[in-house]
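Protein chains: 2
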Amino acid sequence: MPSPRTSRTDDGLTVKGQRTRQRIVEHAAQLMFERGVAGTTIEDVRAAAGVSNSQVYHYFADKHALVRAVIEYQTEYVVGPQESLFARLDTMDGLRAWRDFIVEHQRRRQCRGGCPIASLSSELAEGDDDVRRQLSGSFARWEHGIRDGLRAMHEAGRLRSEADPDELALATLASLQGGLLLTQLQRDVRPIATALDASLSLIAAHTTA
Amino acid sequence: MPSPRTSRTDDGLTVKGQRTRQRIVEHAAQLMFERGVAGTTIEDVRAAAGVSNSQVYHYFADKHALVRAVIEYQTEYVVGPQESLFARLDTMDGLRAWRDFIVEHQRRRQCRGGCPIASLSSELAEGDDDVRRQLSGSFARWEHGIRDGLRAMHEAGRLRSEADPDELALATLASLQGGLLLTQLQRDVRPIATALDASLSLIAAHTTA
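In order, the protein sequences belong to chains A and B. Our numbering numbers the first residue of the first sequence as 1 and each following residue consecutively. Our numbering numbers the first residue of the second sequence as 1 and each following residue consecutively.
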């Protein structure tokens, strides 16, 4: 039986290799969040992660590859924790619990930082079409989480038949993103709370009974 | 009588001086929009505007002063053209005309670039509190344009008394901003159109008769 440290995982890395790669991505994500992608060099990441240059280049051919891994990491970090809540977005109670989770998360962060995926988007959207599509896919994962709940609500007859759950989901994600930006600038949860309350109130207006 | 080129304007600059300052700001805004603030040096701006170093430093003590002028310029560029439409946001027809103006503007730009004020915000919000407050003020001007229309609609009795025009205005601006970000990433007007339609439909749900 191979030792767990040398056995290969799905991506062909040893467990130890996977941990090193993960450490590099985490430090890159943190630095890019603080200084922007343009303000972060491979050398900064190498130093912060405490690895050698050859280790960085073993896992990432270039900065572009590292940026793509950072987008993947931030998507998992931002959207992942909401997934258990997405499963409950088929009721108004579930929608309210999700809204509270997001507002509370901003309050705990003192409304700092905004959405990491949105920050990456603002900086990278006009630079590279592959990166733009990847970022669009990150938001699509988020949108689909909301949409699946609203579709289930619609199919169960709790949303009126003329309601369009896909459009409501897209509009809700847009509200959320704009709300996060204004909350970051104002250092106040009011914009994100008001934006999500408006979305929920529009959804509620489409409920039956 | 002094010649128009040497007479002083309100800010103490000659007309010629004001034009030079304006040219520097326009080129700085364009470069910062394309490359980000971090990716734009004073030297880049100087070269693009075709002025000397001493001219740049005559008008702007440092890059920080230039960034503040760029935020002011972009606010005027983005919010200014909407102001004649804001005056009509006290009717559903006026709201729909404003919605169409924004969607059409994105279509004409092939959904590229997103909102220049939002891009500056993503890059600068965590760096400097004065700049963050200035950006927050830019969005406040936008929000107040929408709010004044909805307040007038409320006072005229076209919105139900229990409706809150201030919250509807803030939620509408949030939708707009999130919609612009998703439209930029998807290169499709659907997100901005859907987001604004949702906001307008929420406002319409609060109208009387």
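A portion of the hints provided could be inaccurate.
[What the hints assert, rightly or not] Derived lysine to any residue pairs resembling SDA-like cross-links, with alpha carbons at most 20 Å apart:
no.	chain 1	residue 1	chain 2	residue 2
1	B	Lys63	B	Glu104
2	B	Lys63	A	Ala38
3	B	Lys63	B	Pro81
4	B	Lys63	B	Gly94
5	B	Lys63	A	Gln186
6	B	Lys63	B	Glu126
7	A	Lys63	B	Val51
8	A	Lys63	A	Gly39
9	A	Lys63	B	Ala38
10	A	Lys63	A	Asp128
11	A	Lys63	B	Glu126
12	B	Lys63	A	Lys63
13	B	Lys63	B	Asn53
[What the hints assert, rightly or not] Beta-carbon label-pair distances, calculated as ranges:
no.	chain 1	residue 1	chain 2	residue 2	range
14	B	Asp164	A	Tyr77	15 to 23 Å
15	B	Gln110	A	Arg19	23 to 31 Å
16	A	Arg108	B	Glu76	41 to 49 Å
17	B	Gly157	A	His64	53 to 61 Å
18	B	Arg68	A	Glu34	17 to 25 Å
19	B	Asp188	A	Ala87	26 to 34 Å
20	A	His64	B	Arg107	25 to 33 Å
21	B	Ser52	A	Val15	58 to 66 Å
22	B	His58	A	Arg23	33 to 41 Å
Honestly, the hints are just simulated from the structure, not real lab data. Glycine included, each C-beta is placed from N, C-alpha and C at the ideal position.
Verification of the hints:
For a cut-off of 20 Å, the pair hint linking Lys63/B to Glu104/B is broken: about 34 Å separates their Cα positions. For the proposed pair Lys63/B and Ala38/A, the alpha carbon gap of about 17 Å is at most 20 Å, so the pair holds. Between Lys63/B and Pro81/B the alpha-carbon distance is near 27 Å, which puts this suggested pair outside the 20 Å criterion. A distance of roughly 40 Å separates the Cα atoms of Lys63/B and Gly94/B; the hinted pair therefore is violated under the 20 Å criterion.
Restraint check for Lys63/B and Gln186/A: the C-alpha separation of about 24 Å exceeds 20 Å, so the hint is violated. Under the criterion of a C-alpha separation no larger than 20 Å, the hint pairing Lys63/B with Glu126/B is consistent with the structure, at around 17 Å. With a C-alpha separation of about 35 Å, the suggested pair Lys63/A and Val51/B falls outside the 20 Å cut-off, and the hint is violated. The hinted pair formed by Lys63/A and Gly39/A meets the criterion: a straight-line CA distance of about 12 Å does not exceed 20 Å.
For the suggested pair Lys63/A and Ala38/B, the alpha carbons sit about 17 Å apart, so the restraint of at most 20 Å is met. Among the hinted pairs, Lys63/A with Asp128/A is consistent with the structure: their alpha-carbon atoms are about 13 Å apart, no more than 20 Å. Distance restraint check for Lys63/A and Glu126/B: the Cα-Cα separation of roughly 24 Å exceeds the 20 Å cut-off, and the hinted pair is therefore not satisfied. Between Lys63/B and Lys63/A, the direct Cα distance comes to roughly 27 Å. Violation of the 20 Å bound is thereby established for this hinted pair.
Proposed proximity of Lys63/B and Asn53/B is supported: the alpha carbons are some 12 Å apart, at most 20 Å. Taking 15 to 23 Å as the suggested C-beta distance range, the pair Asp164/B and Tyr77/A does not conform, at roughly 34 Å. For Gln110/B and Arg19/A, the Cβ-Cβ distance of about 43 Å falls outside the hinted range of 23 to 31 Å, so the restraint is violated. At roughly 36 Å, the beta carbons of Arg108/A and Glu76/B sit outside the given window of 41 to 49 Å.
Here the CB-CB span from Gly157/B to His64/A is close to 58 Å, well matched to the stated 53 to 61 Å. The hint said 17 to 25 Å for the Cβ distance between Arg68/B and Glu34/A, and at roughly 22 Å that hint holds. Between Asp188/B and Ala87/A the beta carbons are some 28 Å apart, a value that agrees with the proposed interval 26 to 34 Å. At roughly 30 Å, the beta-carbon separation of His64/A and Arg107/B lies within the given 25 to 33 Å, and the hint holds.
The supplied range of 58 to 66 Å is met by Ser52/B and Val15/A, whose beta-carbon atoms lie about 60 Å from each other. At roughly 49 Å, the beta carbons of His58/B and Arg23/A sit outside the given window of 33 to 41 Å.
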